[in-house]
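Student: Residue numbers (the numbering used here), protein chains in the order written: chain A, 1 to 114; chain B, 1001 to 1114.
Bear in mind the hints are in silico, worked out from the structure with no lab data behind them. Fair warning: there could be bad hints in the mix.
Claimed, not checked - Reference excerpt, derived from the structure (chain B facing chain A, CB under 7 Å, subset only): (1) GLY1016; (2) VAL1052; (3) TYR1100; (4) PRO1102; (5) PHE1105; (6) GLY1108.
Every residue, glycine too, gets a C-beta built ideally from N, C-alpha and C.
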Amino acid sequence: DQQVKQNSPSLSVQEGRISILNCDYTNSMFDYFLWYKKYPAEGPTFLISISSIKDKNEDGRFTVFLNKSAKHLSLHIVPSQPGDSAVYFCAASATTSGTYKYIFGTGTRLKVLA
Amino acid sequence: DGGITQSPKYLFRKEGQNVTLSCEQNLNHDAMYWYRQDPGQGLRLIYYSQIVNDFQKGDIAEGYSVSREKKESFPLTVTSAQKNPTAFYLCASSPTGTGYQPQHFGDGTRLSIL
């Protein structure tokens, strides 16, 4: 059972426009969410996070929105740049017996067209 | 530069052979993790260690073994019992295994079967 879902395997956006990547989750116990960016043949790098006590977190061109009632989060990139072309993973975590483990989505490949 | 080093970048295994993937970090992190990535799937947790000389099974530990004798090292052995070992393996670390903290990833090892 996939607890964290990224239903769009790929997305293409024109340079300068907004990129919106979506992530849905099923476990209501998740209370911390992250987005990672991954280039080919490299490990993921941390991008931005949000805890469940917030509904928005912003860092430069990147903003993450959390809608707890819908169990949905999204990553907005504005403006999109060609260097943003990568695979983006969302991840979620809940405390289980004091252990903090992350469940990752399947990723969305973003292509920013120049 | 602090970071996580995984070696080798590519590894080939013969049928019935055990192979060991190396993961070294100089970030002084207490917690370390091993993930497996397959095409079209998210990262799945194999093993994790919150402190030296202690480790726990993740979601897909069967056919794998680990050790954590030193803080900076967390090698993963893919045993002959792992029937489908071909995958991209990622090692990660975080300052501690408690509290919500982003994980830092290495650049991965791609394992293939000859």
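Student: Against the structure shown, which of the earlier numbered hints fail to hold, in ascending order?
Tutor: 1 and 2
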